[in-house]
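Engineer: Sequence:
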Amino acid sequence: MKKLCYHIPGMDCPAEEQMIRMKLSEVEGLEGLVFDLKDRKLEVFHRGEANEITSLIKTLNMGGRLVSVEDIEKASALGSNVALERKMLWAVLYINAAFFVGEIIAGWLSGSMGLVADSLDMLADALVYGLSLWAVGSMARRKKRVAALSGYLQLILSVMGLVEVIRRFTGADIFPDFRAMIIVSFLALIANATSLYLLQKSKSKGEHVKASMICTSNDVIINAGIIVSGGLVYWTQSPIPDLVTGSLVFCLVVWGALKILKLSQ
Numbered sequence: 001m002k003k004l005c006y007h008i009p010g011m012d013c014p015a016e017e018q019m020i021r022m023k024l025s026e027v028e029g030l031e032g033l034v035f036d037l038k039d040r041k042l043e044v045f046h047r048g049e050a051n052e053i054t055s056l057i058k059t060l061n062m063g064g065r066l067v068s069v070e071d072i073e074k075a076s077a078l079g080s081n082v083a084l085e086r087k088m089l090w091a092v093l094y095i096n097a098a099f100f101v102g103e104i105i106a107g108w109l110s111g112s113m114g115l116v117a118d119s120l121d122m123l124a125d126a127l128v129y130g131l132s133l134w135a136v137g138s139m140a141r142r143k144k145r146v147a148a149l150s151g152y153l154q155l156i157l158s159v160m161g162l163v164e165v166i167r168r169f170t171g172a173d174i175f176p177d178f179r180a181m182i183i184v185s186f187l188a189l190i191a192n193a194t195s196l197y198l199l200q201k202s203k204s205k206g207e208h209v210k211a212s213m214i215c216t217s218n219d220v221i222i223n224a225g226i227i228v229s230g231g232l233v234y235w236t237q238s239p240i241p242d243l244v245t246g247s248l249v250f251c252l253v254v255w256g257a258l259k260i261l262k263l264s265q
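Residue numbers are given in full-length UniProt numbering: position 167 of the sequence shown equals residue 167, and the series is strictly consecutive.
Do not rely on the hints blindly, as some may be mistaken.
To be verified - Derived CB-CB ranges, DEER-like:
(1) Ala224 - Lys144: 30 to 40 Å
(2) Asn51 - Ala98: 37 to 47 Å
(3) Lys58 - Glu31: 18 to 28 Å
(4) Glu52 - Gly231: 46 to 56 Å
(5) Ile105 - Tyr234: 13 to 23 Å
Keep in mind that the hints were calculated from the coordinates and are not lab data. Backbone N, C-alpha and C define an ideal beta-carbon position, used for all residues, glycine too.
With the hints as extra help, turn the sequences into a complete structure.
Structural biologist: Put into C-alpha cells, the structure is as follows:
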C-alpha cells in the first residue's frame, strides 16, 4: 500500500473536502483519506499508482500537487467513525437547507439582495453535503447526473439574482429593510459556526479550533458584509450597499456552481 501526501492550497473548508471525497470515491484500491484543512494537506492510502489520484485532484483546480509517496504495510487511523461522519453531514445539511429557505424568504420580503444571495450560498453548501451523502453506495453515472443538476440549479438561481441586481441598479425603486438584513445575517452567522463546529467535532480539540477559524472565514466575511451593508443602507438611505454586497456574493455562488459542474464531468 502507498501513502500519497498532497498539498492542496484551495482546500480550506469542509465543502472542498467533500468535493474531493466525491471525486475520489470511485477509485479502485482506495483504502482511506485523511484531511488536514489547517495545513491544506491530504493523505491518500491507495493500493495502486499515484498517477490516477493526482490527475483527479488536478481536475478540481484547487492547486493540488503531490508532495511525497511512501510505501507502508498497513493504514491506521484513517479518520473518524463513518456513521458519526454521516450523522454530522445530515445535521449540517438540515441546517443549511433550513437557512436557505428562511433567508430567501426573508430576503424577498425585506427587499434585500444580500440576504437572497447569502441564501444561495447556504444552498450551495447544502448541495455539496447532500452530494457527498448521495455518493456513498450510488452509481457513478447517477452521482454525476445529480451533481450536474445541482450545479445548473445553483448557476441559474445565481444568474437570476444578478439580473435582479442589475434591474435594481438601473432604476427599480426598492429599499431594503436594514433591520432584517442585520438580524437574519447574524442568525446565519450562528448557523454557519454551528455547522462548522459539528463538522470538526470528531477531530482533536487543538486541530478543530484552528481549522474552524480557517473554514469559517469566507462565511464570516459574507455574513459580516451583509451586516455592515445593512448599517450602510440605514446611514446612507440608499440601497446601493445591499446591491453591491449581493452582487459579490452571487458571483461567489456562480464560482461554486462552476466547481460542482466541473466535478460532474
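Engineer: None of the hints should be skipped; say for each whether it holds.
Structural biologist: Hints, one by one, checked against the model:
1. Ala224 - Lys144: 30 to 40 Å: holds, 36 Å
2. Asn51 - Ala98: 37 to 47 Å: 42 Å Cβ-Cβ, so the 37 to 47 Å window holds.
3. Lys58 - Glu31: 18 to 28 Å: holds, 21 Å
4. Glu52 - Gly231: 46 to 56 Å: This hint holds: roughly 51 Å between Cβ atoms.
5. Ile105 - Tyr234: 13 to 23 Å: holds, 22 Å
Comparing the model with each earlier hint shows no violations; every hint is respected.
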